[in-house]
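Colleague: Could you build all of it, start to finish, from the sequences and the hints given here?
Chains as they are written, first to last, in the UniProt record's numbering: chain W, 1 to 356; chain D, 1 to 271.
It is worth saying that the hints were derived from the structure and are not from the lab. There may be inaccurate statements among the hints.
[Stated by the list, open to error] Capping the alpha-carbon separation at 27 angstroms, the derived lysine-lysine pairs in DSS-like fashion look like this:
| no. | chain 1 | residue 1 | chain 2 | residue 2 |
| --- | --- | --- | --- | --- |
| 1 | W | 341 | D | 56 |
| 2 | W | 296 | W | 308 |
| 3 | W | 165 | W | 148 |
| 4 | W | 169 | W | 222 |
| 5 | D | 56 | W | 204 |
| 6 | D | 107 | W | 169 |
Bear in mind the structure is a predicted one, so any value in this text is a computation, not a measurement.
The lines below spell out each chain.
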Amino acid sequence: MKRLISIIVALLAICGLLGYSSDRLQASSGSTGSHVLNLYNWGDYIDPGLLTKFQKETGYHVNVETFDSNEAMYTKIKQGGTQYDLAIPSEYMVAKMKRAHLLKPLDQRKLTGWHNYDPRFLNQSFDRGNRYSMPYFWGTLGIIYNDKYVRANEVQHWQDLWSPKFHDKIMLIDSARDIMGMALITQGQSMNSTDPATLSAAEKKLNNLAPNVKAVVADEIKMYMIQNEAPLAVDWSGEAAEMLANNPHLHYIVPSEGSNLWFDNLVIPKTATHTKAIYAFLNFMSEPQNAAQNAKYIGYATPNKAAKALLPRSVRDDQQFYPNQQTLQHLQVYQDLSPAKVQLYNDRYLEFKMHH
Amino acid sequence: MTKRRTWLYFIPYGLWLALFVIAPVALIIYQSFFDLGHHFTLGNYSAYFQSATYLKMTLNSVWYAFLITLFTGLISYPTAYFLHGLKHRQLWLLLVILPTWINILLKAYAFIGIFSQAGLANQFLSFIGIGPQQILFTNASFIFVATYIQIPFMILPIFNALDDLNPAFINASQDLGASGWQTFSKVVFPLTLPGVKAGVQAVFIPSLSLFMLTRLIGGNKVITLGTAIEEHFLTTMNWGMGSTIGVVLIIAMVVVMLLTGDQKPKGGTPR
Chain W
1 MKRLISIIVA
11 LLAICGLLGY
21 SSDRLQASSG
31 STGSHVLNLY
41 NWGDYIDPGL
51 LTKFQKETGY
61 HVNVETFDSN
71 EAMYTKIKQG
81 GTQYDLAIPS
91 EYMVAKMKRA
101 HLLKPLDQRK
111 LTGWHNYDPR
121 FLNQSFDRGN
131 RYSMPYFWGT
141 LGIIYNDKYV
151 RANEVQHWQD
161 LWSPKFHDKI
171 MLIDSARDIM
181 GMALITQGQS
191 MNSTDPATLS
201 AAEKKLNNLA
211 PNVKAVVADE
221 IKMYMIQNEA
231 PLAVDWSGEA
241 AEMLANNPHL
251 HYIVPSEGSN
261 LWFDNLVIPK
271 TATHTKAIYA
281 FLNFMSEPQN
291 AAQNAKYIGY
301 ATPNKAAKAL
311 LPRSVRDDQQ
321 FYPNQQTLQH
331 LQVYQDLSPA
341 KVQLYNDRYL
351 EFKMHH
Chain D
1 MTKRRTWLYF
11 IPYGLWLALF
21 VIAPVALIIY
31 QSFFDLGHHF
41 TLGNYSAYFQ
51 SATYLKMTLN
61 SVWYAFLITL
71 FTGLISYPTA
81 YFLHGLKHRQ
91 LWLLLVILPT
101 WINILLKAYA
111 FIGIFSQAGL
121 ANQFLSFIGI
131 GPQQILFTNA
141 SFIFVATYIQ
151 IPFMILPIFN
161 ALDDLNPAFI
171 NASQDLGASG
181 WQTFSKVVFP
191 LTLPGVKAGV
201 QAVFIPSLSL
211 FMLTRLIGGN
221 KVITLGTAIE
231 EHFLTTMNWG
241 MGSTIGVVLI
251 IAMVVVMLLT
261 GDQKPKGGTP
271 R
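Modeller: Okay, here's the thing in structure tokens:
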């Protein structure tokens, strides 16, 4: 009994010590002071060098917390108790957060960098007039192929994936909206269709693709493609950029008949408190020099026109990640669908996954 | 005085049970009665039981959980039996338990390395002249990895049951002229059955809702209820439906507990 008590006391003492030191650490990193900015971002989605530079220029220390899905971020901000000053949701999530009154409008008078942005990427359907959001990066959905096994002219269009010669060769990204969207666009439909019959047809189309599907996976797709595990994959341009950087045999194609155009955007959640730091950061990130540095680090396409001009020619002329005007015209931005419609997409997609 | 003392001792356990066992289960059951618009409904349950997709998925989950449990049992019982007869058995047991100290994700990634096109398994197959095969993303590889991960949880209870077995029974059986096989099948196995049952409970239930492995190793070619729950909570944000599936899993768990629970011996004579 005596021993038990002494063990319990020792454990409590250790816990107390750990609690105290973590509290000290927190205080010294300054997450609660006034000269800070709390950024809620995707993992590894900003050049750390920029954060240092920002602190040097403005004196604000940036605390970064990360999330791994729009929905996880939404739930956390909605439940409250967080202190995020800026978050980076994708476009449909901006619309959803706006409707749920989770966002503060941007104070346009305090923003000095709008003229740097390409007007083609502003004033989108999810946020007309950019009242709540500033584009951070944009990208597409496309096909990654390995030139060791597949020739470029064999996979120029979505329909090519259905070819019987690609039996058990394709990896798909595990995302209902994107994979259903791919089937819809192959059938000449809008990626925002909500008509049940159209969606059923898309599911049938996908079921026909099942023999060619090797696996439906998530982030691991990058690793698999880099290791030559599969010759073909359907994934986002951002993921593709990382694969291409690690395996010279990989290439990325955005089919000219159309695909998804996605945006990640800086927004101010309702819970934000450090107004001055927020606008300092938004203006800092709009500066061509900084946006270009970030684009070089992340490898995604920047909506900042002036920054793009600063990128090396090989990057800015790369049709894989900056598709030409003609392809760009056929790209579709996801609209935020009502939960019931999202359910419709997910049920069909689940049925497709069960199909094989 | 003493009575009040024992009552005091019960407070932490009571609080623990209420906060971490009863409250979450109650919350899941409560959530399962609400639709997307937060209206009270029984629709989730009727949707579940009318949907061929969900029913097929349930059958799938049960089938795969059964296979995993079966293979785990087939491997674990002999292993536990031999371990128990070894000299430094605590050390061997420690080695068996050791893999459970490693995070399940790390183990899954290790298997990806082994099973991939250029992985160890395929190098070996090439070496012996069979040539590389598609191992990842097959049902067999999924069951293999799941079985590997579950084995320690089956070995432990069986090992403990063997440890509790009074050697006098075995001696008696041998003295009375039973053969080795008879001793095992009539004495040792029936008396260690509670260990097997505990192992089945520890393996079958988690196997019903495996979802990381179905994606990482199975390439989403095996779809279990866990996959559906994950999707409802993270993508569709239909917590009601996700909870409904959770409730179905809880009921399945209760059923398994009842089936494998300790029955009072009827009639008094061991069969």
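Colleague: When the hints from earlier in the document are held up against this structure, which numbers fail?
Modeller: Violated: none.
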